[in-house]
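Participant: Protein sequences, first through last, are from chains A and X. The first sequence begins at 233 in our numbering and counts up by one. The second sequence begins at 233 in our numbering and counts up by one.
Just so you know, not all the hints are guaranteed correct.
As the list claims (entries may be wrong) - Where chain A lies over chain X, by a calculated footprint (3+ residues, C-beta under 8 Å):
{"hint": "1", "region": "693 to 707"}
{"hint": "2", "region": "716 to 730"}
{"hint": "3", "region": "733 to 744"}
{"hint": "4", "region": "777 to 788"}
{"hint": "5", "region": "824 to 835"}
Note that these hints are calculated values from the structure, not bench results. All C-beta atoms in this analysis are idealised placements derived from N, C-alpha and C, irrespective of residue type, glycine included.
Each chain, written out:
Number of protein chains: 2
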Amino acid sequence: MVGQIKRFLVGKPIATEHQHNERLSRITALAVFSSDALSSVAYASEAILSILILGGAAALGLSLPIAAGIAVLLVVVAFSYRQTIRAYPKGGGGYIVARENLGNIYGLIAAGALLIDYVLTVAVSISAGVAAITSLASTWGAPWVKDYAVEIGLVCILFVTLANLRGVKESGVIFAVPTYVFIASILALVSYGIGVDLLFGAQPVVQDLPEVPVSETIGIWLVLRAFAAGCTALTGIEAISDGVPAFKVPESKNAASTLTWMVTILVSMFLGITWLAHAHGAIPNELTHETVLSQIARTIFGNGPIYFVIQSATALILVLAANTAYADFPRLASFLSRDRFLPRQFSSRGDRLVFSNGILALGFFSAMLVVLFQANEIAMLPLYAIGVFISFTLSQSGMVRRHFRIKEEGWRRGAAINTMGAVLTAVVLVVLAVTKFTHGAWVVMVLIPMLVLLFNSINRHYGSVASQLSLEGADLPIPLRRHTSIVLVSGIHRGVLPALQYARSIAPDNVTAVYVNLDADQTAKLQQRWIDWGCDVPLVVLESPYRSLITPLFNYIQEVDSRYTDDVLTVVLPEFVPAHWWEHLLHNQTGILIKTALMFNKGVVVTSVPYHLGR
Amino acid sequence: MVGQIKRFLVGKPIATEHQHNERLSRITALAVFSSDALSSVAYASEAILSILILGGAAALGLSLPIAAGIAVLLVVVAFSYRQTIRAYPKGGGGYIVARENLGNIYGLIAAGALLIDYVLTVAVSISAGVAAITSLASTWGAPWVKDYAVEIGLVCILFVTLANLRGVKESGVIFAVPTYVFIASILALVSYGIGVDLLFGAQPVVQDLPEVPVSETIGIWLVLRAFAAGCTALTGIEAISDGVPAFKVPESKNAASTLTWMVTILVSMFLGITWLAHAHGAIPNELTHETVLSQIARTIFGNGPIYFVIQSATALILVLAANTAYADFPRLASFLSRDRFLPRQFSSRGDRLVFSNGILALGFFSAMLVVLFQANEIAMLPLYAIGVFISFTLSQSGMVRRHFRIKEEGWRRGAAINTMGAVLTAVVLVVLAVTKFTHGAWVVMVLIPMLVLLFNSINRHYGSVASQLSLEGADLPIPLRRHTSIVLVSGIHRGVLPALQYARSIAPDNVTAVYVNLDADQTAKLQQRWIDWGCDVPLVVLESPYRSLITPLFNYIQEVDSRYTDDVLTVVLPEFVPAHWWEHLLHNQTGILIKTALMFNKGVVVTSVPYHLGR
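Next comes chain A alone, as it looks inside the complex (with noise of 0.2 Å):
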């Protein structure tokens, strides 16, 4: 039955055969590696305000110089991949190149920062996205949607863990049309509001606003702060380095012509945003939570369909940017175990060929994120894009000790862009760092190295075990000499038969039946009931004042086992197997009781003999 829900939910199984790489066109690459990077402008401009607003209405302004600087910035970290694509044709995540160059602890820290961002990119897109459907709800005079934005965010990871369970053709359509719309129609509010409002002047967006105190005064500080919450424009642009093998020949040019087209949209789009939302004065709106995308679009186009297009546009972009996380988290978690730095589930491909165990442990976090942040985006952006940052600097870094050591052709231009590069975002790195981190940062900042720890005591108990299990000056196995056989019976009835049966003949004159006295007037019974019987296996009753059946058993097989040192001890325990799985429940457990209890025994084997139950 639980095999039937499951193929239901998953389909069929997949032949390994039919394992594919598909080679993807610039067009479509653009589409497959961009959503994350692009969708971040549904909240980045968002974020900066949600900042500067504690300084009171003045601060506003600020969000246009702050802006370019991260538009700057991201000019910067995409020339410095741009290098990384080149040297990495299969592909230069985070966690191989820091590992590759730097040593096995940077890749662990890259690896560990990006597995935390990963759940993150997947709590805070699916936030975002029903953030714009609430949005496009309220405005269309249902403001009640918003009340279930947590069930919505629920419903849309399972559904995403579901695909991605039966696996995605990371290709065509599914991921082509939405990109592109979304593209379009920002673009086009992008152009047509500013055209509009350089001619005509821009229109304030109509909203109720609850009264924000000002707590925060104009500075440094804040704007530092600000500047730290945009930087979650950046997450998401190192996808394309990931996924180079995923292009057509010649993979490393049209990567890195494919990073240069989106980085160069990226930086149009959100530079536009943030100049029509300080136009149109949009801000933040705790009251009704609606986007400050949504209060821009629907100001400059009206509540009509262009409207409706742009929301849905957005809301699907951010789901796809979900997505995206559920093949880089298995991924990226399939490497760590390959390695040995991860437990091997990990590493092995389901039914339907996709990894898992690593789907379902992403789809359980963000989840948990999810519930945990009552889908607030915004609150969680603190969290965010620290892990990115890390795994910029680490393997920015990495890049650089990999042209001094290589010296391919043009190093020294390309050490320079990686220099720049790494000394950047390590710079902005301790921004965030610092701005963030009574807000919620020090979380991660404390999850990353006990990550790595964990990383690495796996990784030394696989490496125990397989120093133990080596074969050297190990014999062939001959067959042991003696067998001696213990059958536990909770009383006279068929189910002890084939029990009795097993145990004799495996240890034909060695077999004795065991029973546990927890009540005497039973026990009494039950030794009459034995000798009229006639059975010729002696029963042994064991007291036991505290009413345990494991204290006296372990003792007696102890007793037992001690006798012969030449010999196997089988501890033969009768099983009864129910007609239906759910009456299981009604046999007592004590079977999986006594065999966890005796696993730990060296030289006692125990063995279940099933009695089948007919009805």
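Could you slot chain X onto chain A? The hints should help.
Facilitator: Here is chain X on its own, set in the frame of chain A:
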């Protein structure tokens, strides 16, 4: 380690021989058995007022006649239960009386109703106890304490659960002191309060009151609803009849007179508090969540030490009331389990001689209720009392039937009393069901038949198992002639050596090693290494196009198993036993999966042969 934590929390095991039955004097018995009934005065008057307030301030005066009606009901039910006490000196709970006199099905209905009610007793009492504490805190300038009501409630449930797992002695000071302090302080409050009020007039309660809109018209419906709400005062009145054997001889006589005393005290306190609430204008306050009892107490005695004593004694007796459900629920569950209507686990006594599983189940479900209702006892009341009244009606009807059957001396008088009790509680039950139906009582009325169905299907299952297990016609076990063994290998390493050795010792000529091909390269390497290694056990490679371990193995086992009819097939799984328990997570859980999948295969025995890792 798990064992050590358990020892610390629950204490050392107690030997069976130490089971004892202490006899209680009437003074102690009143304390032990009456906390549930007496503590209901902490919320019953408030429950009445919380309904009447919906009809506006003019309706509040109706509380006095309604309370008088409930007092009459209390006296009738008490008289009726004196009959039960006389007829069942060994204890006559609703389940036993109804089952014996009306038949299985009525007994099960009473049992289901009571189990639900015991869970509610814990949730309601603990929540009301927390309300007493938070009211005290608010009066003493710490209103923030009430924001942690749920957490405090959960800690209390955890505490009571642990105390009961250790085993609470139902005797002595623990019960007597708080109960008598409570009785004394409430009676003092009532007599002093009424005296002062009559002499000098009553001071109104000073408090901030939220505006409660009038939503109901004053009429018969409102009166019935308020009456139904007040009927929660009757919960717990049946406790003495369950516990007759615990009294000193003559048991029945002592129990009956204790019941009379208890009802006298209960009626005085209940009527007195209702009168004072009306005189001082105390009403349920949704803003401060201060209890009506707290309002009265601080108005009469001021915020000083007497007020403190009343609030603490109230909180304590409510915790004791919850504690009585911890005796009743596990006992009833053990009766049901003994009669095969619940899983056997409920009738086995744990280390400390208590029915641990019943205690854990009660703690779990009541904690869920506290979270679900946010520790608001007034909101839970519509679900409460229905179960008790079902049990009252069935138990009294059973008594009527018994009188007519046995016709003991003076049976006509007894039958008349019980008939009156049965009719009256049946009428009240209908009133409760109708007035509370849409306020949550429907949940209980759906749950009870579901529980009865569950009891019956569990009973049918155990019956069917017993008949299938009968030894009638079964032969004595004879050893099997032929043994085949399959060893599932995951590679060539030390871990498979003990498994091969074991397999060869139970089936010397008939062992096959089996490997499932999940990766063609690895498989080829393994086959070569197997040949180089020189082990004479043949290696069979199974193809698995869908990367499943189970399906190919399953098919192969069926093929091998079908070769002979008089053999037994043992599938041997090499199992790593790591040095630390948490390291289990790092090894593939496929062994468990394979065991589960093969469990339903007749004629196949699955054995894990452990390989112990040293570190």
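Participant: Now, for every hint given, state plainly whether the structure supports it.
Facilitator: Structure-based check of all given hints:
1. Coverage of the region 693 to 707 of chain X by chain A holds [criterion: at least 3 residues with CB-CB distance below 8 Å; count 9].
2. Only residues whose beta carbon comes within less than 8 Å of a beta carbon in chain A count, and the region 716 to 730 of chain X has 6; three or more means the coverage holds.
3. Requiring three or more residues with a Cβ within less than 8 Å of a Cβ of chain A, the coverage given for the region 733 to 744 of chain X holds, as 6 such residues are present.
4. For the region 777 to 788 of chain X, the assignment as covered by chain A holds, since 4 residues bring a beta-carbon within under 8 Å of that chain's beta-carbons and 3 suffice.
5. Remark: the region 824 to 835 of chain X is confirmed as covered by chain A, as 3 of its residues place a Cβ nearer than 8 Å to a Cβ of that chain, reaching the required three.
Checked against the numbered hints listed earlier, the structure breaks none of them; every hint is satisfied.
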